[in-house]
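As given, the protein sequences belong to chains A and B, one line each in that order. The opening position of the first sequence corresponds to residue 0 in numbering that gives the first Met the number 0, with each subsequent residue numbered one higher. The opening position of the second sequence corresponds to residue 0 in numbering that gives the first Met the number 0, with each subsequent residue numbered one higher.
Hints in this document: simulated from the structure, not taken from any laboratory. Being a predicted model, the structure only gives us computed values, none of them experimental. In this text, a Cβ means the ideal position worked out from N, Cα and C, and glycines have one as well. Don't take every hint at face value.
Here are some chain A residues pointing at chain B (derived, C-beta under 10 Å) [as the list claims (entries may be wrong)]:
hint: 1; residue: 47
hint: 2; residue: 90
hint: 3; residue: 115
hint: 4; residue: 345
hint: 5; residue: 352
Take a look at the letters that make up each chain.
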Amino acid sequence: MKFLEEYRDQGLARQLAAELQRATTRPWTIMEVCGGQTHAIIKFGIDELLPEKITLIHGPGCPVCVTPLEIIDQALEIAARPEVIFASFGDMLRVPGSSTDLLSVKAHGGDVRIVYSPLDAVKLAAENPAREVVFFGVGFETTAPATAMAVYQAAQKGLKNFSLLISHVLVPPAMAALMSSPNCQVQAFLAAGHVCTVMGYQEYFPLAEQYHVPIVVTGFEPLDILQGILLTVQQLESGRAEVENQYARAVRREGNQLAQELIKKVFEVVPRKWRGIGEIPQSGLALREEFATFDAAKKFKLTHHCVPEPAECIAGLILQGLKKPNECAVFGTRCTPEHPFGATMVSSEGACAAYYNYRRQAPKEMAGVP
Amino acid sequence: MNATDFAATCPLPISRYPNILMAHGGGGKLMHRLIEDFFGRAFSNPILDTRHDSAQFTVPPGRLAMTTDSYVVRPIFFPGGDIGSMAVHGTVNDLAMSGARPLYLTSAFIIEEGLPMATLWRVVCSMRDAAEKCGVQIITGDTKVVDTGKGDGLFINTTGLGVMEHPQNISPLAVQPGDRILISGDLGRHGMAIMAVREGLQFECTIESDSAPVAGPVLDLIKAGIEIHCLRDLTRGGLASALNEIAEAARVKITIDQKDIPIREDVQAACELLGMDPVHVANEGRFLAVVPAKAAPQALEILQRHPVSTRATIIGEVSERSMPLVTIKSVLGSHRILDMPSGEQLPRIC
Numbered sequence: 000m001k002f003l004e005e006y007r008d009q010g011l012a013r014q015l016a017a018e019l020q021r022a023t024t025r026p027w028t029i030m031e032v033c034g035g036q037t038h039a040i041i042k043f044g045i046d047e048l049l050p051e052k053i054t055l056i057h058g059p060g061c062p063v064c065v066t067p068l069e070i071i072d073q074a075l076e077i078a079a080r081p082e083v084i085f086a087s088f089g090d091m092l093r094v095p096g097s098s099t100d101l102l103s104v105k106a107h108g109g110d111v112r113i114v115y116s117p118l119d120a121v122k123l124a125a126e127n128p129a130r131e132v133v134f135f136g137v138g139f140e141t142t143a144p145a146t147a148m149a150v151y152q153a154a155q156k157g158l159k160n161f162s163l164l165i166s167h168v169l170v171p172p173a174m175a176a177l178m179s180s181p182n183c184q185v186q187a188f189l190a191a192g193h194v195c196t197v198m199g200y201q202e203y204f205p206l207a208e209q210y211h212v213p214i215v216v217t218g219f220e221p222l223d224i225l226q227g228i229l230l231t232v233q234q235l236e237s238g239r240a241e242v243e244n245q246y247a248r249a250v251r252r253e254g255n256q257l258a259q260e261l262i263k264k265v266f267e268v269v270p271r272k273w274r275g276i277g278e279i280p281q282s283g284l285a286l287r288e289e290f291a292t293f294d295a296a297k298k299f300k301l302t303h304h305c306v307p308e309p310a311e312c313i314a315g316l317i318l319q320g321l322k323k324p325n326e327c328a329v330f331g332t333r334c335t336p337e338h339p340f341g342a343t344m345v346s347s348e349g350a351c352a353a354y355y356n357y358r359r360q361a362p363k364e365m366a367g368v369p
Numbered sequence: 000m001n002a003t004d005f006a007a008t009c010p011l012p013i014s015r016y017p018n019i020l021m022a023h024g025g026g027g028k029l030m031h032r033l034i035e036d037f038f039g040r041a042f043s044n045p046i047l048d049t050r051h052d053s054a055q056f057t058v059p060p061g062r063l064a065m066t067t068d069s070y071v072v073r074p075i076f077f078p079g080g081d082i083g084s085m086a087v088h089g090t091v092n093d094l095a096m097s098g099a100r101p102l103y104l105t106s107a108f109i110i111e112e113g114l115p116m117a118t119l120w121r122v123v124c125s126m127r128d129a130a131e132k133c134g135v136q137i138i139t140g141d142t143k144v145v146d147t148g149k150g151d152g153l154f155i156n157t158t159g160l161g162v163m164e165h166p167q168n169i170s171p172l173a174v175q176p177g178d179r180i181l182i183s184g185d186l187g188r189h190g191m192a193i194m195a196v197r198e199g200l201q202f203e204c205t206i207e208s209d210s211a212p213v214a215g216p217v218l219d220l221i222k223a224g225i226e227i228h229c230l231r232d233l234t235r236g237g238l239a240s241a242l243n244e245i246a247e248a249a250r251v252k253i254t255i256d257q258k259d260i261p262i263r264e265d266v267q268a269a270c271e272l273l274g275m276d277p278v279h280v281a282n283e284g285r286f287l288a289v290v291p292a293k294a295a296p297q298a299l300e301i302l303q304r305h306p307v308s309t310r311a312t313i314i315g316e317v318s319e320r321s322m323p324l325v326t327i328k329s330v331l332g333s334h335r336i337l338d339m340p341s342g343e344q345l346p347r348i349c
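Looking at chain A on its own, in the form it has when it is part of the complex (with noise of 0.2 Å):
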């Protein structure tokens, strides 16, 4: 398939392993932050091409997994009511909140939906004009702007019916956030090129900076992830610590300017939990005030009430980077997809659920090699 089979290419995949060879000489330690790379690094097995001097963390680019416990809880609250439609993405459904999680909302009589885009849930509140529709506004930078669309058309069709229970949060404050901890062992970034394809990578250039850390804007094809690396260890040999974009087929330095508009019209930044994390300050988005009457939580005059993680669930470390998920005394017995103790065996995306998936053995033992 064009623009996918050239990017998964075997031979050119081992070109740059072996280029990869000669360019480390010491040990680096690299965070890809988006969950879509966690997951082809171990579904193409991409970690088993890499110099063993150079060592991967997971970052905390999952949406499902950083969404806070008590927003959950809210969004079980408000999907419980009878009066409601409430549409999610499809990932949202199983992450458990502190009791239940959507798909038993769904059961047990909820009228939850699965869509697309957060305009299909603007559809529906116009075609239900009887009903609550409450999106789930999750996500990154890379969907605030289909989410302030929805509120911003919302708003021009007059609808009444028709709120989010918003939970968007923003990528570079949580690197920031992660550079300042004591406990940081990364020294480079890969960072999510889908985020930099609305955000463009302006805003790297003081993290690169400040903490002197290399970060190469990657994609998420396996020549893309092993281009980015390169690019990083080149970096770090040389103790250069630049931004550098390698996703230049989708990313541009200004990234996507009227979408960029469209989010800072409808949401300022504010402070926000991310779950296993804390509260980094300047993280998230909200509705601004022109805008409060399309925000669920007030709608449904909810109480926002903290809500303590399963003591057992080390979510918080792997999303730090601190722990690999095979490292948790629950992974993989008590803790499964099926029945996850925190978000990252939930989402697709969450670093538990692709070792989980995809490795749950060594590699060698998969090919049968003594």
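Following the hints, put chain B in place on chain A, whose structure we already have.
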């Protein structure tokens, strides 16, 4: 079919009953007319035509195979098929997976009050055509009508009976290390066709379901004397679930190669877009066969000669007796676990 076709072919006076009423399941004249003029007329055969409460027939020599399945697919009509043809193909295919020649089907309809008569007739005609194509007779049935809101238009259950004209023991327990795994064609079309229609996804081209009967190629394998260790249709859960079930039952490790699995470009594109893996997606006209290594080339040739399995390929092998495990070699040459999907396939956020 448009309304004019329906008026010309539908045996019930559409002007009086354009929709199913509760009375169509009430045991009176309306139900009698529905059974006679719809089901009796479309499915007519000597056994059904006797109109006994139960079908009477002579059991052919050989072991018998029996299976049942219920069909609740939404939408009722989709590119490449409909609930009627699926209700025939699905059950016939289940029989074929034990190497049986499908002979008879029963059909039970649960119809929601208000279903357009034209819709029901179209489904019945599709079942009739599918049964004819598969060489099976529908010999008894049942009709129930439920109140509006208590069904979802139409549910169909079919039970199938077939005869095994061979002495082979086709079962996961017969699977041996060294066996080769064949699949009968490209994967993922049915699941993605349904999802595209159900969710209103618009792609540049229409993905058509692969719904088809597969008894033909299976019987060809048996006729040619191929030793078959196991057959499995690749319905819900797709290839990944079928392989894991076999690995678990036979206590073996199975290794397959991604590059040998045929997947059409449009299906691959739709899967990439939605974050799904074609090996987890449902098929309705695909099966896998596990055969000894020495029989694999001939089995492949036989499958490729049959119109429903021209794209058959050998995708891997049973490597050893071990803890049950399925692994897949990626296009980059590395190996990973291929697990069953966890519950329903859910499209991802981004």
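Out of the numbered hints, which ones does the structure contradict?
none
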